[in-house]
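Undergrad: So the chains spell out like this:
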Amino acid sequence: MAIGLEHFLILSAILFSIGLYGALAKRNAVVILMSIEIMLNAVNIAMVAFWHYSAPMLMTGQIFVIFIMVVAAAEAAVGLALIIAIYRSRDTVDAEKFNLMKW
Amino acid sequence: MPPEVVLAIFLLPFLSFVIISFIIRPLLSHRSQISGYVTIAAIGTSLLLSVLVLTEVISAEGHVLSMPDYEWLAIGDITIHIGVTVDSLSAVMLIVVTSVSLLVQIYSQGYMRGDPGYSRYFAFMSLFTGSMLGLVLADNLLFLFLFWEGVGLCSYLLIGFWFHKPEAARAAMKAFLVTRLGDFGFLAAILFLYTKTGTFDIGELQHLALAGAIGSTALTWAAIGIFSGAVGKSAQFPLHTWLPDAMEGPTPVSALIHAATMVAAGVYLVARMFPVFASSSEAITTVAIIGGFTAIFAASMGLVMNDIKRVLAYSTISQLGYMMLGLGAVGVAVASGAIPLEHGLALGVAVGIFHLFSHAFFKSLLFLGAGSVNHATGTFDIREMGGLRKAMPWTFGTFLIASLSLAGIWPLAGFWSKEGILAHAWESTPILFYLAMITVFMTAFYMFRVVFLTFGGEYRGQSQGSHGLHESPLVMIGPMVLLAILSVAAGWFPISEFLGGESHSFFGALAHPLAWASLVLAGGGILLAYAIYSRKWLSAESLRRAFAPLYTLFARKYWLDELYERVFVVRILIDGIFAALHWFDDHIVDGAVNGIAGGTVAVGRVVRKAETGQLQAYGLAIFIGILAIIACLFIFS
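For the protein sequence lines, the chains are A and B, in the order given. Letter by letter, the first sequence follows residues 1 to 103 of our numbering. Letter by letter, the second sequence follows residues 1 to 637 of our numbering.
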């Protein structure tokens, strides 16, 4: 069986759904951050697949994906830093307890 | 004659108003004598021009001068023309207004001397005279209404001239508000006639009314609306209560505005619109009944007043009622076909306006006499006067002539004009005729009660002592003597024929039995007053006790002031309508505004529960939303 575009897209959809579930359902802020990373990578897979099957001559798709990975790494760094800062002041990483601004 | 001459008649007093209020008063002095001179010069010139106009009208064919019409303003398709009417009616009114006004202004030079508001007084008087002249010249209801309100404003300003006195300020407001009630009907009638006919022009409206182009019900309502304006202005029942209170103003103001001219504007209006009234039997009957009733009603209150100016005020209301009765009586005859139309229209105007003409002179003279008495004694209360005939012979003489004229004694002015009204009332409305005859008796009685109490007997006042009593200066006596001459002779002028009425011969009038009946009644009134107040054959005190209920009824003015103020104003307006409106404002209008705000807050209180602050919940909502959108795309496309 030849591996086609739809297989990549299904993989991407499965990863995205896993990430979405994690981001919506988990309480631990670190897990939520990880889930968001999974969703980003799911999108990356879809993007590389589209590049490969539609315009493999141009490098733009690949470069775009690498840029997204760079930005995702930076975002993960900032996100972890925020979580650590919150943990230091609140002694928890439970997202439901981050409710100081709520009335 | 160039039309500018006619325009100048009413523009000159306006010019005088502008000069006094914008040049003399701010730049020279608030009590500069020049203000009086400017006013007199302006009104004197108006009088000369009015005489010129009168001679032109007399020689003109049909007693009408044609005047150009000017376009005043255009709103969309509606163009409003203004112009002046110069016919016998307006020519007579011009003479009345300018001559009485001039004499009153001269008198005021003496009466108002040293008043801190001297310039202001003459500015208002000029403004009033200009507005009044504009009113009688207007050929258009809208234009007429403008000046109608103008004279009302001047009346307000001059009644409240001594505004630091609370009674004067109150009386001014009362006059303004009560006449406004009538003016509301007048304005409604003007607009109603406009929607029916598309014109404000008085001449056109008269033609349309006579041609039957306006439906009879519409015509009746329009005429009654116009008449309600006249009722307010001319202080007819039931809107008469403002005029006695208006006596708080300076006495020359009462003489000019509240006796001779402005209050007669209502009669003039009915005369000017007479074809409209005469085309509706109901409307003209209303005029006759209101006039006849007011005549006797006001006279009854005049019987018991102790303030000389209030007696004169009730007398004025009563005489204005006579004028309305005169117009109404002829109009009823015209409407029922007893008098042919083309003759009757002019006759009605002649009967009403002839009395207006003679009344203007003797009534303003009576007021000026009252002012002269006040000048000497410092009071208007006739109980504190007496014996003034020795100290003030000129005032006494002129006052006596005016009283005789008002009582309708042959051959003074009042006799001729009153006879015309009585004769026509006899022919068309007998019930009102009998009321009018009783009024003749009452008129003679109340006037001579004032004469005997003021000028007869011994001085009863304490305020200044008899050595302080003195005759007024020449500047006041002069106009009074001229008015006295006019009070005698005004009936000898052929005013009635000039206006299209019937002529009367000097001695021929005495051949009429009606003349003797009214002379006997007037003489009886004078004799009764003589018996009670001069000879004291009958004690006034015991009479008062004998007729105590009637006396109380008259002295309390039929409790109409109380009825209006306590019942209409307080109970119905303040406690009723205003309270209901207040409730409506508080609960419905404010309630709507507050309800919207409160509802928003309440909804917000519920909806804010959805705002958990949990990003995950939002994310879930977004996810479900996207799924829903995708589902929709699949289902509907």
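Please keep in mind that the hints were generated in silico from the structure rather than gathered at the bench. Note that this is a predicted model, so its numbers are computed, not measured. Hints are not guaranteed to be accurate.
[As the list claims (entries may be wrong)] Label-pair distances were calculated between CB atoms; the ranges are:
#1 B:Lys-609 with A:Ser-89: 26 to 32 Å
#2 A:Leu-9 with B:Lys-609: 22 to 28 Å
#3 A:Glu-6 with B:Val-603: 21 to 27 Å
#4 B:Phe-636 with A:Leu-58: 21 to 27 Å
#5 A:Ser-89 with B:Ala-617: 22 to 28 Å
#6 A:Arg-90 with B:Glu-611: 34 to 40 Å
#7 A:Asp-94 with B:Ile-630: 51 to 57 Å
#8 A:Ala-55 with B:Lys-609: 29 to 35 Å
#9 B:Lys-609 with A:Val-70: 26 to 32 Å
#10 B:Glu-611 with A:Ala-2: 33 to 39 Å
#11 A:Asp-94 with B:Ala-631: 17 to 23 Å
#12 A:Glu-6 with B:Ile-624: 21 to 27 Å
#13 B:Ala-631 with A:Glu-96: 27 to 33 Å
Ideal Cβ placement from N, Cα and C applies to all residues, glycine included.
Undergrad: It remains to establish, for every hint, whether it holds in the given structure.
TA: A quick look at each hint next to the structure:
1. Against the hinted window of 26 to 32 Å, the Cβ-Cβ separation of Lys-609 (chain B) and Ser-89 (chain A) comes to about 27 Å, which satisfies the hint.
2. For the pair Leu-9 (chain A) and Lys-609 (chain B), the supplied restraint of 22 to 28 Å is violated, since their beta-carbon distance comes to about 39 Å.
3. The hint said 21 to 27 Å for the Cβ distance between Glu-6 (chain A) and Val-603 (chain B), and at roughly 48 Å that hint is violated.
4. Checking the proposed 21 to 27 Å range against Phe-636 (chain B) and Leu-58 (chain A) shows it is violated: the Cβ atoms sit about 36 Å from each other.
5. Range check, Ser-89 (chain A) to Ala-617 (chain B): about 23 Å between beta-carbon atoms, so the 22 to 28 Å window is met.
6. A hinted range of 34 to 40 Å is violated for the C-beta pair Arg-90 (chain A) and Glu-611 (chain B), which are about 21 Å apart.
7. The supplied range of 51 to 57 Å is broken by Asp-94 (chain A) and Ile-630 (chain B), whose beta-carbon atoms lie about 32 Å from each other.
8. About 50 Å separates the C-beta atoms of Ala-55 (chain A) and Lys-609 (chain B), a value inconsistent with the hinted range of 29 to 35 Å.
9. For the hinted restraint 26 to 32 Å between Lys-609 (chain B) and Val-70 (chain A), the CB-CB distance of approximately 41 Å leaves it violated.
10. At roughly 50 Å, the beta-carbon separation of Glu-611 (chain B) and Ala-2 (chain A) lies outside the given 33 to 39 Å, and the hint is violated.
11. A beta carbon spacing of about 33 Å between Asp-94 (chain A) and Ala-631 (chain B) contradicts the range 17 to 23 Å that was offered as a hint.
12. Checked against the hint of 21 to 27 Å, the pair Glu-6 (chain A) and Ile-624 (chain B) passes, with Cβ atoms roughly 26 Å apart.
13. Remark: the range hint 27 to 33 Å for Ala-631 (chain B) to Glu-96 (chain A) is upheld by a beta-carbon distance near 30 Å.
When the structure is compared with the earlier hints, violations turn up for hints 2, 3, 4, 6, 7, 8, 9, 10 and 11 and for no others.
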